[in-house]
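Undergrad: Work out the full structure: start from the sequences and follow the hints.
Same order as they appear, the protein sequences are chains V and C. Sequential numbering of the first sequence, starting at 1463, is according to the numbering used here. Sequential numbering of the second sequence, starting at 86, is according to the numbering used here.
One or more of the hints may lead you astray.
Lysine to any residue pairs mimicking SDA-like chemistry, simulated, CA-CA at most 20 Å apart [claimed, not checked]:
#: 1; chain 1: C; residue 1: 144; chain 2: C; residue 2: 158
#: 2; chain 1: C; residue 1: 188; chain 2: V; residue 2: 1531
#: 3; chain 1: C; residue 1: 142; chain 2: C; residue 2: 165
#: 4; chain 1: C; residue 1: 188; chain 2: V; residue 2: 1506
#: 5; chain 1: C; residue 1: 121; chain 2: V; residue 2: 1475
#: 6; chain 1: C; residue 1: 142; chain 2: C; residue 2: 167
#: 7; chain 1: V; residue 1: 1561; chain 2: C; residue 2: 138
#: 8; chain 1: C; residue 1: 141; chain 2: V; residue 2: 1564
#: 9; chain 1: V; residue 1: 1561; chain 2: C; residue 2: 180
#: 10; chain 1: C; residue 1: 155; chain 2: V; residue 2: 1563
#: 11; chain 1: V; residue 1: 1561; chain 2: C; residue 2: 167
#: 12; chain 1: C; residue 1: 121; chain 2: V; residue 2: 1550
#: 13; chain 1: C; residue 1: 136; chain 2: V; residue 2: 1503
#: 14; chain 1: C; residue 1: 188; chain 2: V; residue 2: 1465
#: 15; chain 1: C; residue 1: 121; chain 2: V; residue 2: 1465
#: 16; chain 1: C; residue 1: 188; chain 2: C; residue 2: 158
#: 17; chain 1: V; residue 1: 1475; chain 2: V; residue 2: 1546
#: 18; chain 1: C; residue 1: 188; chain 2: V; residue 2: 1503
No wet-lab data here; the hints were simulated from the structure. The structure presented is a predicted model; accordingly, all values stated were derived computationally and were not measured.
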Amino acid sequence: KAGVTQTPRYLIKTRGQQVTLSCSPISGHRSVSWYQQTPGQGLQFLFEYFSETQRNKGNFPGRFSGRQFSNSRSEMNVSTLELGDSALYLCASSLRTEKNTEAFFGQGTRLTVV
Amino acid sequence: GQQVMQIPQYQHVQEGEDFTTYCNSSTTLSNIQWYKQRPGGHPVFLIQLVKSGEVKKQKRLTFQFGEAKKNSSLHITATQTTDVGTYFCASLGGRNTPLVFGKGTRLSVIA
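TA: In structure tokens:
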């Protein structure tokens, strides 16, 4: 079956602009989580959506938002971009059942803010 | 919120040497997961440990979960160049909590 798909793979934006990233999870997975990865900071949790509801939120400013659609596809939006938002944004999907919590990651979207 | 601390941050080894990375938490973990991210790639799930004192092996990789469920380790025997990458531990605090990652250990293997 198809893996997690993230689009676009690369983006260059200017400070102050906004950006929308997309994630299509593995079929049947209702949980989609977003992470920001920067050198030295590891994977920082942004938010998790489960069945169209935001279930968890990380410690990021309100400029970072997301949503999940009825087909489980998810988008995240960053408004008023700052240079420090340059990072690899990873999406992970999971069944999130009691016995199965393995996360499957997409290839990521590399965002560069100039 | 739940945090997992991972050490060391970097490790350089000669091919054939062993390698160990450690994951520690101040609170009891419900489970621990390990992921590997190759350079330029994305994290890939390796294994999950749930039980206190659990030990699992995958070929040259040995994973342990501490008796108190507050720490875990990944040990690689006789490293190879294919082991290069960053190894992350991750944990769920509970049923509806997020999967939180450690900062990872970046392994370099010198041939």
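Undergrad: Hints first: check each against the structure and report whether it holds.
TA: Status of each hint after checking the structure:
For the suggested pair residue 144 of chain C and residue 158 of chain C, the alpha carbons sit about 16 Å apart, so the restraint of at most 20 Å is met. Proximity of residue 188 of chain C to residue 1531 of chain V is assessed by CA-CA distance (about 30 Å); at most 20 Å being required, the pair is judged violated. With a C-alpha separation of about 17 Å, the suggested pairing of residue 142 of chain C with residue 165 of chain C holds against the 20 Å cut-off. A threshold of 20 Å between alpha carbons decides the hint, and for residue 188 of chain C with residue 1506 of chain V the separation of about 9 Å falls inside it, so the pair holds.
For the hint pairing residue 121 of chain C with residue 1475 of chain V, the CA-to-CA distance comes to about 30 Å; that exceeds 20 Å, so the pair is violated. At roughly 17 Å between alpha-carbon atoms, residue 142 of chain C and residue 167 of chain C fall within 20 Å of each other, so this suggested pair holds. For the suggested pair residue 1561 of chain V and residue 138 of chain C, the alpha carbons sit about 19 Å apart, so the restraint of at most 20 Å is met. For the hint pairing residue 141 of chain C with residue 1564 of chain V, the CA-to-CA distance comes to about 16 Å; that is within 20 Å, so the pair holds.
For the proposed pair residue 1561 of chain V and residue 180 of chain C, the alpha carbon gap of about 10 Å is at most 20 Å, so the pair holds. Restraint check for residue 155 of chain C and residue 1563 of chain V: the C-alpha separation of about 19 Å stays at or below 20 Å, so the hint holds. The straight-line distance between the Cα atoms of residue 1561 of chain V and residue 167 of chain C is roughly 30 Å, outside the 20 Å bound, and the hint therefore fails. Restraint check: the Cα-Cα separation between residue 121 of chain C and residue 1550 of chain V comes to about 16 Å, which is no more than 20 Å; the hinted pair holds.
Taking the CA atoms of residue 136 of chain C and residue 1503 of chain V, the gap is about 29 Å. The hint is violated against a cut of 20 Å. Taken as a hint, the residue 188 of chain C and residue 1465 of chain V pair is broken in the structure, with Cα atoms around 25 Å apart against an allowance of 20 Å. Between the alpha carbons of residue 121 of chain C and residue 1465 of chain V the distance comes to roughly 17 Å, so the proposed pair stays at or under 20 Å and holds. About 14 Å separates the Cα atoms of residue 188 of chain C and residue 158 of chain C, which keeps this hinted pair within 20 Å; it holds.
For the hint linking residue 1475 of chain V to residue 1546 of chain V, the alpha-carbon distance of about 12 Å falls within 20 Å, and the restraint holds. A hinted pair counts as satisfied when its Cα atoms are at most 20 Å apart, and residue 188 of chain C with residue 1503 of chain V qualifies at roughly 6 Å.
Checked against the numbered hints listed earlier, the structure breaks hints 2, 5, 11, 13, 14; every other hint is satisfied.
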